[in-house]
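> Single-letter residue listing:
Protein chains: 2
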Amino acid sequence: MSKKIAVLLTNDFEDSEYVEPVQAFKEKGHEVTIIEMEKGKNVKGKQEKIEVVIDESIDDVSHGEFDVLFIPGGFSPDILRADERFVRFAKAFMEAKKPVLAICHGPQLLITAKTLEGRDVTGYKSIHVDLENAGANLHDKEVVVCQNQLVTSRQPEDIQAFVQESLRIIG
Amino acid sequence: MSKKIAVLLTNDFEDSEYVEPVQAFKEKGHEVTIIEMEKGKNVKGKQEKIEVVIDESIDDVSHGEFDVLFIPGGFSPDILRADERFVRFAKAFMEAKKPVLAICHGPQLLITAKTLEGRDVTGYKSIHVDLENAGANLHDKEVVVCQNQLVTSRQPEDIQAFVQESLRIIG
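As you go down the protein sequences, you meet chains A and B in turn.
The numbering of the first sequence is UniProt numbering, which starts it at 1 and goes up by one.
The numbering of the second sequence is UniProt numbering, which starts it at 1 and goes up by one.
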């Protein structure tokens with residue numbers, strides 16, 4: 001069944017961590033909505049390979065409209081977590097126990113939303129201490145699935161495993 | 001008296017947070033050494049205003065050669081803290097109680113070095129929860145001086161206060 005996937009994205013995202021999962025989600029018939037501060041804006045990947053047009057402003061969407069949250073990595077999550085609207089949006093998915101898929105620096109948004117206490121996670125090497133300090137159980141593995149709800153991976157090399165487990169969870 | 005200041009810097013540093021403090025330090029007669037992975041490499045600020053040539057490789061320096069550590073912000077500290085050599089270097093200054101000056105995302109290196117428990121700090125908004133989770137006492141102020149040793153600030157707008165307190169601590 002087609003699911004509605006919200007993607008939180010701004011400049012300096014890790015190109016492949018956006019492109020490859022989104023392509024796989026769309027191929028399975030899921031509907032993807034890219035959300036940032038400003039609808040219609042172009043955002044660029046940090047490798048400067050990809051430009052993406054923002055579908056919706058965070059002000060015009062509600063978490064209730066979506067089944068799944070996807071947070072690509074790069075520096076995008078750190079920029080977004082300085083804005084309380086994105087933190088609240090991510091927190092709502094975690095509290096509703098909807099599927100949340102976060103790769104690389106993606107879990108930074110979940111740290112700021114204070115949602116990782118006791119959860120099994122992984123993430124990019126630079127945020128490992130932050131994840132442990134947030135009370136999460138850190139695993140240095142290509143993909144970690146927690147309570148059949150939260151899927152996390154470390155880096156671009158893990159994308160295949162990340163997509164496979166994400167698609168399994170999305171159902 | 002002239003002091004030897006080590007600066008940890010790589011690509012995507014916040015341009016003004018490097019340029020303005022370093023200029024002020026040099027004007028007071030202090031000696032500044034820019035350290036990254038590779039000596040002679042050019043690194044660029046995230047605003048693309050500034051390029052800096054690296055003076056020394058992290059492999060060729062010891063913390064004992066320097067009196068002070070300065071960590072500019074932007075995404076540079078997050079890149080550096082994925083490399084254990086920079087984490088150890090920063091940790092050595094904190095353990096030796098030498099002056100450490102960190103602005104914006106600079107304190108991320110000190111989090112990964114596990115040196116902020118019980119310390120008074122500030123930092124860029126996006127890392128506030130990380131600082132609290134690291135056991136630091138977070139203050140939302142333009143500059144925080146802890147035990148006359150650790151100087152932290154939040155963002156480019158705080159540079160003047162950051163430089164003033166940094167110069168006072170350096171002596």
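Calculated from the structure, these hints are not laboratory results.
Remember, predicted model here, so these are calculated numbers, not experimental data.
Cβ coordinates follow ideal geometry from the N, Cα and C atoms, glycine included.
Please note that a few of the clues may not be correct.
[As the list claims (entries may be wrong)] Chain B regions said to be covered by chain A (calculated; three or more residues, Cβ under 8 Å):
1) 56–64
2) 76–84
3) 130–136
[To be verified] Here are the simulated lysine to aspartate or glutamate pairs, DMTMM-like style, with alpha carbons at most 20 Å apart:
4) B/46 with A/51
5) A/114 with B/48
6) B/114 with A/132
> Now, for every hint given, state plainly whether the structure supports it.
Hints, one by one, checked against the model:
1. 56–64: violated (count 0)
2. 76–84: With 4 residues in contact (Cβ-Cβ under 8 Å with chain A), the coverage given for the stretch 76–84 of chain B holds.
3. 130–136: Contact hint for the stretch 130–136 of chain B vs chain A: holds, 4 residues under 8 Å.
4. B/46 with A/51: OK: residue 46 of chain B and residue 51 of chain A at ~18 Å, within 20 Å.
5. A/114 with B/48: It is violated: about 34 Å lies between the C-alpha atoms, which goes past 20 Å.
6. B/114 with A/132: holds (11 Å)
The structure shown violates the earlier hints numbered 1, 5.
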